[in-house]
Amino acid sequence: MHIPIGYKFIIGFVVVVAAVAFSPRLVGLLGYSAEISSILGYVVAMTVGLILGWAFSKRFTANIGRLTAAAEAISQGDLTHEVAIPRSSLPDETHELARLISLMQQNLRDLVGHIKNGSAQLSESAREINATALEISDSTGEVAQAIEQISRGAETQAVMVDKTSRTIREIAISIELVAARARETAKAARETSLTAQHGGSLAGESLERMKEFFDHQEAIGRQFDAFNSKLQKVGKIADFIGDVARQTNLLALNASIEAVRAGEYGKGFAVVADEVRKLADGSARSASDINDMIDSLREESRRVHETIQESSRTIREGKKNIDVTASAFQEILKTVLETERKATSIADLSQMQLDGSGKMVKAVDEIAKVADDNAAATEQVSAATEEQLAAMQDMALSTKDLAQLAEDLLASVERFKVCAEEPDAA
Amino acid sequence: MTEAGRKYLVFTLSGRRYAVDLTQVAEVEEPPTLWPIPGAPPCYPGAMNFHGSIVAVMDLALFMGLPGGRQPGKVIVLDPVVAALALLVERVASIVPADQVRCDDDPVRPMEEPYSSGTLLLPDGVTAVLFDVVELVRKATEAIAAV
Chain A
0 MHIPIGYKFI IGFVVVVAAV AFSPRLVGLL GYSAEISSIL GYVVAMTVGL ILGWAFSKRF
60 TANIGRLTAA AEAISQGDLT HEVAIPRSSL PDETHELARL ISLMQQNLRD LVGHIKNGSA
120 QLSESAREIN ATALEISDST GEVAQAIEQI SRGAETQAVM VDKTSRTIRE IAISIELVAA
180 RARETAKAAR ETSLTAQHGG SLAGESLERM KEFFDHQEAI GRQFDAFNSK LQKVGKIADF
240 IGDVARQTNL LALNASIEAV RAGEYGKGFA VVADEVRKLA DGSARSASDI NDMIDSLREE
300 SRRVHETIQE SSRTIREGKK NIDVTASAFQ EILKTVLETE RKATSIADLS QMQLDGSGKM
360 VKAVDEIAKV ADDNAAATEQ VSAATEEQLA AMQDMALSTK DLAQLAEDLL ASVERFKVCA
420 EEPDAA
Chain B
0 MTEAGRKYLV FTLSGRRYAV DLTQVAEVEE PPTLWPIPGA PPCYPGAMNF HGSIVAVMDL
60 ALFMGLPGGR QPGKVIVLDP VVAALALLVE RVASIVPADQ VRCDDDPVRP MEEPYSSGTL
120 LLPDGVTAVL FDVVELVRKA TEAIAAV
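Chains as they are written, first to last, in numbering that gives the first Met the number 0: chain A, 0 to 425; chain B, 0 to 146.
To be clear, the hints were calculated from the coordinates, so they are not data collected in a lab. Hints are supplied without guarantee of correctness; some may be wrong.
[Claimed, not checked] One-sided excerpt, in silico: chain A residues whose CB lies under 7 Å from chain B:
no., residue
1, Leu250
2, Ser255
3, Ile345
4, Leu348
5, Gln352
6, Leu353
[To be verified] Here are the computed lysine to any residue pairs in the SDA-like style, where the Cα-Cα straight-line distance is at most 20 Å:
no., chain 1, residue 1, chain 2, residue 2
7, A, Lys266, B, Gln23
8, A, Lys266, B, Val136
9, A, Lys162, A, Val369
10, A, Lys266, B, Ser93
11, A, Lys266, B, Asp98
12, A, Lys115, A, Leu401
Think of the CB as a built atom: it goes at the ideal place given N, C-alpha and C, for glycine as much as any other residue.
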């Protein structure tokens with residue numbers, strides 16, 4: 000049965016008051032003088048009252064003292080001691096209070112355990128986070144370095160691309176020059192082919208002329224033969240004349256001899272014979288002259304013939320050369336046509352190359368732009384990475400603080416003694 | 000015959016000129032057909048028919064021991080009064096009147112010209128040896144007799 004403590008005090012007070020009230024009567028029963036009995040009664044009443052009051056108050060305040068001790072222990076952080084209040088058949092507020100304190104103690108124990116576990120875990124996590132943050136920071140530093148390298152590389156790339164662009168422009172100019180040269184070459188080859196054609200036709204004409212010359216030479220040969228046979232006939236006639244002159248001479252000689260033998264009578268005849276002989280001599284000389292002339296004519300004509308033969312041989316050689324020349328012109332023509340074709344092909348290809356190089360220049364310009372953008376972007380990334388690095392370092396510092404806080408929390412909680420068997424936090 | 004009417008027949012032997020008195024010549028002929036004379040010396044290539052009479056032909060150059068080819072020249076037929084002999088010479092050059100030459104009679108015959116009776120200076124400035132035909136005939140006769 001629950002009796003409030005106030006009531007218990009009232010009952011005790013009543014009991015004390017009753018004891019005090021009844022003690023003088025009891026003392027009077029002892030028989031002492033009134034005075035002594037009254038004094039004694041007072042004394043006994045006071046003593047009984049004090050003893051009962053002390054006993055009651057002791058009895059009533061014993062639980063409060065225990066509770067105070069338990070509260071003090073809790074305030075000191077000791078949560079190990081149970082609030083030990085003897086079981087009573089008449090429980091009062093102290094029992095309730097003890098139960099509540101015990102509950103509070105239990106709750107505090109749970110809380111401290113939770114806090115301890117949580118702060119330990121938090122500390123652990125903070126450490127891990129710190130380590131991770133440091134690792135991230137390192138990584139970010141590496142990333143920053145890498146990005147710086149990339150940035151530098153991008154700058155180099157931009158420079159290279161610029162150079163490449165310039166080089167390709169120069170190449171384009173060279174290709175244009177090549178194309179122009181190839182076109183000139185093709186033109187020259189065309190002119191050469193015309194010249195070679197002209198040369199070939201000239202060689203053909205020369206061959207025709209030579210054929211005519213050979214025909215003429217044959218005719219000249221025939222004419223020479225006719226001339227020689229006629230000369231022979233003239234020579235025969237001259238021989239005949241010479242023969243006649245010789246015979247006439249002989250006759251005149253013999254006539255002179257006869258005239259001498261005839262003496263005086265033969266004188267006139269001797270003159271005539273002498274004249275005849277002179278005439279015959281003249282005839283013989285003339286015939287001899289004719290023969291000489293014929294000989295020299297023959298010789299001359301033979302020489303002319305030989306010269307013509309020689310010329311003909313030379314011209315035949317020349318004809319061979321002209322044949323070779325004509326075939327050489329044909330070869331030249333073929334080669335030059337091939338050259339022209341190739342040069343034209345080169346010109347076309349160069350034009351294509353020129354177009355290609357123009358496109359390449361455009362593409363390289365695009366690449367240059369992209370490289371510039373890349374360089375700018377990597378610079379931005381680099382800046383961002385720097386910021387990230389700083390943030391990571393801040394975070395590492397913060398996690399350090401956090402760990403410190405967790406340590407502090409753990410230390411603050413540490414003074415709470417939860418129980419003898421501490422590790423059963425779980 | 001007067002000295003003014005005298006004439007010489009000039010001929011050549013081995014390129015050298017010789018002359019004979021024209022009165023001692025009967026005729027000049029082309030080399031005729033010859034008939035060999037048996038047993039005759041080599042300087043007699045044969046005999047010829049001269050208007051029906053047989054005349055011995057003598058190679059004068061060979062007879063005189065002169066060098067020179069046996070080319071066909073002329074035959075000088077001597078007057079039958081002198082001898083029935085014809086002389087085969089290299090060439091008959093001309094008939095020269097005596098008044099156109101300077102006659103240099105040379106009584107002393109040089110050893111190399113044993114039949115010379117003198118030297119003629121011809122109008123063209125060339126000298127000719129004048130043959131002593133009689134001496135020649137005599138020697139020829141001796142030569143034939145010696146065979």
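Results of checking the hints against the structure:
no.	hint	result
1	Leu250	violated (10 Å)
2	Ser255	holds (5 Å)
3	Ile345	violated (88 Å)
4	Leu348	violated (93 Å)
5	Gln352	violated (97 Å)
6	Leu353	violated (99 Å)
7	A:Lys266 - B:Gln23	holds (17 Å)
8	A:Lys266 - B:Val136	violated (29 Å)
9	A:Lys162 - A:Val369	holds (15 Å)
10	A:Lys266 - B:Ser93	holds (18 Å)
11	A:Lys266 - B:Asp98	holds (15 Å)
12	A:Lys115 - A:Leu401	holds (15 Å)
Hints 1, 3, 4, 5, 6, 8, counting from the list given before, are not met by this structure.
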